[in-house]
Amino acid sequence: MWWRSASFILDHRLQEDPPNDIASSSKEPDTLSKLSPPQTHSSFMAAADPFNPIPNPKISAYYQTRAAHTAVVTSDWLAQAQAAVGHHPDDSPAPQTQLLASPSASGKSFCVINEFNNWRKQPDLAEAVAAIRALAAVIRASEATTMMELEIELKKASDSLKSWDTTSISLTAGCDLFMRYVTRTSALEYEDFNSARSRLIERAEKFGEISCKARRIIAMLSQDFIFDGCTILVHGFSRVVLEVLKTAAQNKKLFRVFCTEGRPDRTGLRFSNELAKLDVPVKLLIDSAVAYTMDEVDMVFVGADGVVESGGIINMMGTYQIALVAHSMNKPVYVAAESYKFARLYPLDQKDMAPALRPIDFGVPIPSKVEVERSARDYTPPQYLTLLFTDLGVLTPSVVSDELIQLYL
Amino acid sequence: MQNDLPANSKPLKERTSKAERRALQEAQRAAKAAAKAEGSKLPATTSGAVASANVKPTKATKPSSQKNDSATVASSEKKGGDRPPEKDRKKDAPHPRMQYDDKSRVEKAKRRAVVKQTEARNRVELFRHLPQYEHGTQLPDLESKFFQLDPVHPVVYKVGLQYISGDISGGNARCIAMLQAFQEAIKDYSTPDEKTLTRDLTAKINSYVSFLNECRPLSISMGNAIRFLKNRIAKLPLTLSESEAKAFLQSDIEQFISEKIILADKVIVKHAVTKIRDGDVLLTHGSSSAVEMILLHAHELGKQFRVVIVDSRPKLEGQLLLRRLVGKGLSCTYANINAVSYIMHEVTRVFLGASSVLSNGTVYSRVGTACVAMVAHEFRVPVLVCCEAYKFHERVQLDSICSNELGDPDAISKVPGREDINYLDGCTNSENLQLLNLIYDATPSDYVSMIVTDYGMVPPTSVPVIVREYCRDQVWI
Amino acid sequence: MPDVQVLVNDFINKLRKRKIEGSQATSRQTAELLRSVISQTRVPYTNQAGALIDAVRAVGEQLIAANPVELAVGNIVRRVLHIIREEDLSLATAAVAGLGLSSVSDDEDDSERDNHPVLSAAVVAAAARSTLRPPSLQTLLEDVPDSGAVPHTSSSGGDSEGKSKSADKSSRSRKLKHDVIEALNELIQDITTCHELIAEQAVEHIHQNEVILTLGSSRTVLEFLCAAKEKKRSFRVFVAEGAPRYQGHLLAKDLVTRGLQTTLITDSAVFAMISRVNMVIVGAHAVMANGGVIAPVGLNMVALAAQRHAVPFVVLAGSHKLCPLYPHNPEVLLNELRSPSELLDFGEFSDCMDFGTGTASPLLHVVNPTFDYVPPKLVSLFITDTGGHNPSYVYRLIADYYSADDLVVQRRPPTAS
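Residue numbers (full-length UniProt numbering), protein chains in the order written: chain A, 1 to 409; chain B, 1 to 477; chain C, 1 to 417.
Don't read these hints as lab results, they were simulated from the structure. Treat the hints with caution; some may be incorrect.
Facing chain A, from chain C, some residues (calculated, C-beta under 10 Å) [claimed, not checked]:
no.: 1; residue: Val203
no.: 2; residue: Ala289
no.: 3; residue: Gly291
no.: 4; residue: His328
no.: 5; residue: Ser392
no.: 6; residue: Tyr395
no.: 7; residue: Ala404
All values reported here derive from a predicted model rather than from experimental measurement. Where is the CB? At the ideal position from N, CA and C, for every residue including glycine.
Bound conformation, chain A alone (with noise of 0.2 Å):
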């Protein structure tokens, strides 16, 4: 039953939703990155509430982004999106905006937590840009007159952010990124302070822009690598794979694509509708055909949440099992990832990081003494996968940790 009306949610939102981006940026587009955090779709979320950002501490925060930008449908997320589709979305965020913009002027109860909160509920914003954003709504803030006190200042600020949601690789890897060029950016220390705080805030405003150049520049790296006839399987909701994948369709490349169902967020029954809507020949698994098809697949496309110290990447569950496959029959495994993801971690297996756990729907009841594994991702260490795709150029895994010890070494 809820199928159909997933479907209808969905259709609904797809109309709903572009007009609201383009209201929002349209608005002002200049404004949206020096102002304040733009206007929130928090109505679909149960993180809505900034002053209570982790309402179900079960479900990690995120996950509760992913859920919100590649639209998953879980019964959780129905529930929410039918209220949403009450009443208008315009309405509500509004005074909540209010609210969230007066920090600035009211210093003291600046919470940089709901700073990127806010910022994250963009469907079009990465995490990490999401937090470099917030750190630098934090100095724009501050009242710090000298740069170590900023220093210390934003310090803070990240690692409380950092703690706030310890499961976003992203989050991690982008706070940590904007530490550094605070830190070491020697053009700053010779400027004044104000121009310097000026700079930051201007380079932290940019970032969005680097982001989505950063995207585009992989789609492009991709580009060869997508030949005429080949078929690409593809696992999650990827902004940036769906990008290299559309780049190529404009391209005139002729390919098909194998979309995973994405169990249970069915991301892939997402993408699956992206593609098809730019003509793309799409074919939907489920999950567990992955080996089964693995022989008519030429190459398998990820994008990852996080890239790590070894090369490995941490994506959504089913990764590992999809590169394993791919490995064991030699089709080549290409991760497109912003080199922004790349993080100081190094997971030694599956447990060696935080879980970031989801609601699962298995359709019926499960009785309370059945556990359920409910991690969202997993890791894949670097030997199973063939280049990465960032916006450094194409990379071998082992290039990840030489520039990882470049930046914080």
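Go by the hints and put chains B and C onto chain A.
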């Protein structure tokens, strides 16, 4: 040269039922005694002939080695036979083969040999244990000896010459030629006075086998065929008259050829064809008669497929296959073995022939087969090995070095049809340069997806099962 | 520069007709040719580097087109461009202290997508980069010129207007050319001596009584083995003949005359013999940025066999063989099919091969590729003139030798005019 299969025939012998074994024992004991008695009378060549497939030197390693050769054969057979069945299993292990780096044995063997081989100048260190002889020198010599070699039947002699010159090659062809020659020889055979047919004929056959082995090391499949024949001789009912016995044996041979080789091939073709689909690209290496039949049959059935023939030096047998297939209208692609990684992308099935399949699943086949199977495995292309069950053998082998055959080294330094490749002219005599012409290699069983035999399509792990079942079967023929 | 043009055309013809064989000879001659191109280029007062780069690029483009499979040509062209940039940069930094690299603009841009030969991946990489250094996380947040603005403005003018702000240009210009030619001489020197440098490392890898397998012929391998022999190591070499070119015969002969224990085997016996081999040492045609190797045909098979038996597979390659491109579909795109006559006697098969007589597709095809692609996971070690390296580290060597802007030598059609 002869080391190839020295030992094979023996182990197989032991696989008989109790009653049969008893009978065999009796016969062998008798044979042994006779042989001992006659040992001195036998011409040198005969004595050299010995054991089923091979050379006496092999036996030399055993305690029984002191006895003269024909005796050895018998004794080795007896070993299997005498033992109580429970212990059979342990002693089943195949004999060590003649090791050519053992000088004294080689000397002995040489003295007995009909075919005078010249040792190759630069022997490859790693293959000291294999015979390495000059090629092409024996032929005129042998031809001139034609009329002096009375112990060898002229038909057998002719086959031997054809082996040397390479006129007959390929496992099945060699085996059939040999069996038919034996058939002739048996037809012309008459038991000398005061000898029994069973004993004397076995000795005769042994001498032929030894001769053939000197011409070119016998293949494992031939060893199996010889063992079959000797079994039949040993088990001839004593009541049969000479002519009856001869007719009996001839028909047995006939039956072996038709059932184990010709019919078996038909069955293999029938099985293998089911694995060819329209649009397939089939790759084969060298020239295998079974694979050729499969391809032609599939073509006759109207299946649409392409054939890739991968060929390798020095024999370039693929060219002959190519000629025949193109002549029949099949669409073919020809490539050198080096290009196998290049071509493998488009291939959907690999069909390979085999000289023998060993009981650990190793496929012993024309050199290069292992490379092709390996690359196919790497590209996840299924590898089908087509091999008649009479080529299965219970020996095991892990690499291609312990047992192999060395071809003419000069074939390596010269490239026929490419006169521009003459870099090595003039330095082939340098002692630093060795030319190695391996004939076979061993393909590990994990590269093989399926073995197509006359018993159906089996996984390589089931080879010992076939060996077990087949050996019992063989006795029933 | 008429003389140069003659030289260039001459060289192009040779490349087209495949008269030059071996990446060493090719790269040396390319470097020499480019040296004369540079020395004959008249340098304007402003933007000297730009002029040189344009000149080199124009020639380089033709050379690469003449034989796209000979990657060494492209490598050298890129190396030369990199040298020019580096020299220019060092002059500029010397001239104006504090004037950083930041103003080097960017010649390539994203609009390259219509022009997508093998190299075009690199185009875009170049777009991402704005300095001589490849882009890195460090610079991610730093100021970068807005790539949207750059596209067509600077393309024909070269990319160093920014840099030429420096004071006394006339002396710089002469100096630049001089420096570049100096550096080029060094490069040529390096190319000619690279196997000596590689061979010096032989004793570290070859030990007493080892058995070494190689396929085909490579001068570097020959020198390497002989160097070990000279150090009184006695070992045995198996040479696979490398059909259908049979270069292995040549190598075997050279080894024998130098007194090494040599055994010549057929290519098909590689799998049989590899279990007794301690190390496979081979040469390469080119080393790609991911650590993959374009090598003489047959080596993929050898590498697989070596992997199966855990035998180290060592590739010797001079740094001129490092190619900054990532291979995609290398078996096809970076390969060259040679004449079937090397495999089959035409006379014998003439009736089956029908060349353009217009009838239905012939029944017989002959495939005779020149190269194999050996993926990085099969390579144990690269020995270059700068030492031994893992395949996973090749990216770094490449970053040392090439600048990101030069990955694509071919210019966009509009600017080519």
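Results for each hint:
1. Val203: Violated - the Cβ of valine 203 of chain C stays beyond 10 Å from chain A, reaching only about 28 Å at its closest.
2. Ala289: holds (7 Å)
3. Gly291: Hint on glycine 291 of chain C: holds, closest Cβ of chain A at ~7 Å, below 10 Å.
4. His328: holds (5 Å)
5. Ser392: holds (4 Å)
6. Tyr395: Holds: closest Cβ of chain A sits about 5 Å from tyrosine 395 of chain C, inside 10 Å.
7. Ala404: holds (7 Å)
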